[in-house]
Amino acid sequence: MAEFWDETLPVDMLAPGDQPLSREEVDLLWSLFRAIATHWETEKIDPELMRSRWLDMLEARSSGQVDFRGEYRHAAAVWKVMVDKLTEPVAITKLFADTVVTKEDQAKSRIAHVKFYVANDFIRCFVAKGGFRGFVEKARNHTGFMGGSRFREWPPVRTGDRR
Amino acid sequence: MIDEDKLDLRKIASIVKAATTSGHKTQFAMPARRLAFGTEAASLTAKSAAAAAVEAVLLKADPPPPDLPAIDAIKLALRAALRLEFATIPPYLTALWSIIDQAHPVAISIRAIAHEEMLHLSLLCNLLAALDERPSLTGDAVPRFPSQLPGGVHPEIELRLEGYGPTALETFMEIERPEAALPIEGEPLETFPAEDVTIGEFYQELLQGIQRVNPPLDARRQIAGPFTWFVMTKLDDVEQAIKLIMAQGEGAHGVPFPKYKHHLSHYYRFKSLKLLTKLEWDEDAKLLRKKDQIPAPAVFTLAPPPPEGYSQAAPRELRTASNRFENTYSQMLRLLEESWLEGGDKSFLRALELMFELGPLAQTIMRIGTPDGRGYCPSFRYLP
Amino acid sequence: MTAAYDYVIVGSGVAATLVCDRLLEANPLTSILVLEAGERIPARDRRSWWDLVLAKRTPYSITYDDDKAGGESQESYSVGNVLWTFKESRVRAYGGSTMHWGGWSLRFKEEDFECRSRTGRGADWPFGYSTLEPWYELAEQKLGVGGALKDEGPRRRWGYPLPAYPWSAHESELAGAFEKHGLKPGHMPIARFKRCMTTGTCKYCPIGARYSAQDHMDALLYEPAHANFHLKTGAPVRRIVANRNRVNGVEYHDAMTGEWLVAQGAKVIVCAGTYESAKLLLASTSPEWPTGLGNRYDQVGRYIVTHLLFSVEGTRKDNPQGWFQEYDFPTLMSRSWDTPEKQADGKMFVFNNRALPKIEFDTLMMQGKSRKEIDEIVKGPRRAGLSAFVEEFGDPQNRLSLAPGTGKFGLPKTRISFSRRNPARFMATVTAAQAKLAECLASLGYERNEPTKENPRGDHASGVCRMGHSPDSSVTNGNLAVHGIENLFVCSNAVLPNAAAVNPTLTLGALALRLGSWLAEESR
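Chains as they are written, first to last, in my numbering: chain A, 1 to 163; chain B, 1 to 384; chain C, 1 to 524.
The shape of chain A in the complex, shown without the other chains:
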């Protein structure tokens, strides 16, 4: 019998439903986001610093024509099951190392849905909001990151001898 997360699902996005995400669901999703930093060993970058941005993303994507709430809710539930059954470190490896879903037509199971519709976006958010520094410590800026203005003491990008 297939594990819960391996159960098949149609590739289409899950319906959003009427309810906003609950406190518990947001907390579960936050732990999923934090797992990105853990898996890629970017400890130096405190994910807490990205929390308000991440919340903004969650809120923005939870409405409109393409509403991600259904996927978010589903991802929270699947993640909880995975962590409970596998322990967090194993769940993290399973989701971020072993599961690769880069095209919509590959999102055929629960875990694939989580990866494609939720985790991939969380990764993009993580990188853009400061995670890039976890890989290149001296980097100052990245698309989507507010590096700062020209008027500050320190330039908003890495500079060289010539200015």
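Just to be clear, a hint being listed does not mean it is correct.
[To be verified] Here are the simulated lysine-lysine pairs, PhoX-like style, with alpha carbons at most 20 Å apart: (1) B:259 <-> A:138; (2) A:138 <-> C:358; (3) C:87 <-> A:138; (4) C:87 <-> C:56; (5) A:103 <-> C:369; (6) A:44 <-> C:372; (7) C:56 <-> A:138; (8) B:11 <-> A:44; (9) A:103 <-> C:56; (10) B:291 <-> A:138.
[Claimed, not checked] Partial selection, computed: residues in chain B whose CB lies under 7 Å from chain A: (11) 108; (12) 112; (13) 215; (14) 219; (15) 223; (16) 224; (17) 231; (18) 233; (19) 345.
Just so you know, these hints were derived from the structure itself, not from any lab.
Backbone N, C-alpha and C fix where the C-beta goes; we use that ideal spot for every residue, glycine too.
Starting from the structure of chain A, add chains B and C where the hints point.
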């Protein structure tokens, strides 16, 4: 209307000490506090009714102060700290914007200081939000000028909105003054008069109070982003934050900078501007060495703004510009206040945009000539 | 029928906005009706911004020309020996193409105004650089242009309103290579207000730091003193109503009533971008103007040119510093090939390819690469690129015309016929320039990648209603008035007699400010 402003920092510090060491229950009947988790913005009040009742007694009574629940004492102290940090920002910004070339090295230095004050402000707001209280940045919380520094600190200073110049620099240096001076090459060693109420002691007491109580810190409503790099989820974070606030102003123990020697603390930056010379810390000789000269900036010379704003008698051009400035400032403060709610990021970005509009609006006002050949000064009034 | 306005303006982009800015500054009660075929795309919308960050989608991409060949919905057609692409080249919405532009704001140079006299190619402007100079200054202030005074460019009285951005570390290295290869490195003059926080999502700035005509037009629209200033979206204009040598107004589709109405105006200004400006004149036929308004000598639509963008890329074996692009715009540029000496063969404007070097952390992570693998990739091969615009000259055989049928937003379809008389000669110039740029890269260890073929793109299309003294070789005069008509003006890139080597928007801005001020002065 209770004026928390009247409480001096020393008194507040002793309240904090008493409340966090004795653990006494309050003498007053308090309504049950609702947990703010997951509740709507409306349920968050700027001050609990209990704290307001206590303050009423404090203002009438003489020492010793009555007991307060520890967490309320801490919030009282945080609100006082917030008032203090907030009060320095408009004067720093006025001085900054009075420099005609906003990319001038002096402007860049003052801007760095103003940004750090904003960081202090947002750290304190984050801390209040971490303790379930919504920080207040509008209405009566908005500092008015001219005034004294909140909390009875440096009572001899009159905090004014004025252009960059020797008197402004002296005022700023007094505000940021550390307890003991560090030697500067070729300058006589300064001695500072002892203060009755020091900011440093107050923050120390506040930090110790928080450490004794060790309250849970909620990350949900804190912000991290431009001007606000810090979110506090554990006690260590709070210690880091408060030490940062102190060190950025005065310097860390025995050195004129908080962390990196190229980022001097505010006092020594202002000192450097006063001497028009870059200063660099020599760790071996334990003194500040003079380096390159800094050119003096061209500035707008400003006439002080009337506290009640510009009246109908003022030139129309000025009233229009001043109106725009005050409206933008007020709207920005409202948006900032909203930022410390869950998902407040979007309000914060809108506030940021308005923040950047203030500089050009201020300089527009400064360019309008007074009858005696100076420029007008923005008034930083809050318009509801 | 609607009441008569002082001005009816077609289009709501940067040209319309700056004209209105001047008119309303002179007299806040000027009555103006702006008609925009497209819709309002909300700015600073959080969802739209996140869609850009997460999915690289922009909210205005639906307004792009549908140029997919063969479909019923195809809106634009290219014929001739050079394929002209329409891909993503203009935004049809409130605010126009400044919704998606990069903000590069350079002045044309003195010699650009005298192209024909100097080279025998292209056309002369009916006035010189010194006429436009004060308007360039004002345009730079309005758009918030930051630059460095000491960089190459035409003469200027004062510095830029804002400072330039420092070169990134990678560009600093490229600048050194430039110097060794006869290119003086400069800083791209760029329209970013002081509040720019280098977020890098310039295509949809979350804090309105990159100039957008939408923000500016909104400020004008919501100013209470501008009591007679009106704007309608969803209001395509299908013809200008003329009577002999005067126009009376325009026929537009009113979204509210669903009817075609006439807006009467004492003056009509067409600010509809290069394509629509010409097409509107061509469509406005009448017994007196059988081939279109102002088209007695069959000049409308001719001389179409744009800037060809060509690039070189190279790869070096390692990236020890872990560089990747940190700005969303190039700050390194050079105008050393934008000189009188180069004019006869087409001047060139060189700039860094801002998309390189590139490390796509998120893609690598989504592919399941480990930390160790990513670290290796970061240190691994590094790409760099240099690009340039090359100037081409208006040729009467190249023309823009109406294609049958109506496309999106009720606008007529577009047909462009573009051929080069001597394609071999042209491509030889381009190839030689590419080789030189490749040399710059090679000197830094970048081995050249396979070259890509370029096609001209419509972003900088111009020339189709060009200015000139004589109606038999131009459409508008030095005041942007259509020859032979008292009260009709065109203010879009269509009026540029030649395209020079740099982006046209600042020049268009200067022309718009000059027109608005002149009209305000005339009406006193």
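Comparing the hints with the structure gives:
no. : hint            : verdict
1   : B:259 <-> A:138 : 18 Å, holds
2   : A:138 <-> C:358 : 16 Å, holds
3   : C:87 <-> A:138  : 37 Å, violated
4   : C:87 <-> C:56   : 16 Å, holds
5   : A:103 <-> C:369 : 17 Å, holds
6   : A:44 <-> C:372  : 16 Å, holds
7   : C:56 <-> A:138  : 26 Å, violated
8   : B:11 <-> A:44   : 40 Å, violated
9   : A:103 <-> C:56  : 15 Å, holds
10  : B:291 <-> A:138 : 27 Å, violated
11  : 108             : 6 Å, holds
12  : 112             : 5 Å, holds
13  : 215             : 17 Å, violated
14  : 219             : 6 Å, holds
15  : 223             : 5 Å, holds
16  : 224             : 4 Å, holds
17  : 231             : 4 Å, holds
18  : 233             : 6 Å, holds
19  : 345             : 4 Å, holds
When the structure is compared with the earlier hints, violations turn up for hints 3, 7, 8, 10 and 13 and for no others.
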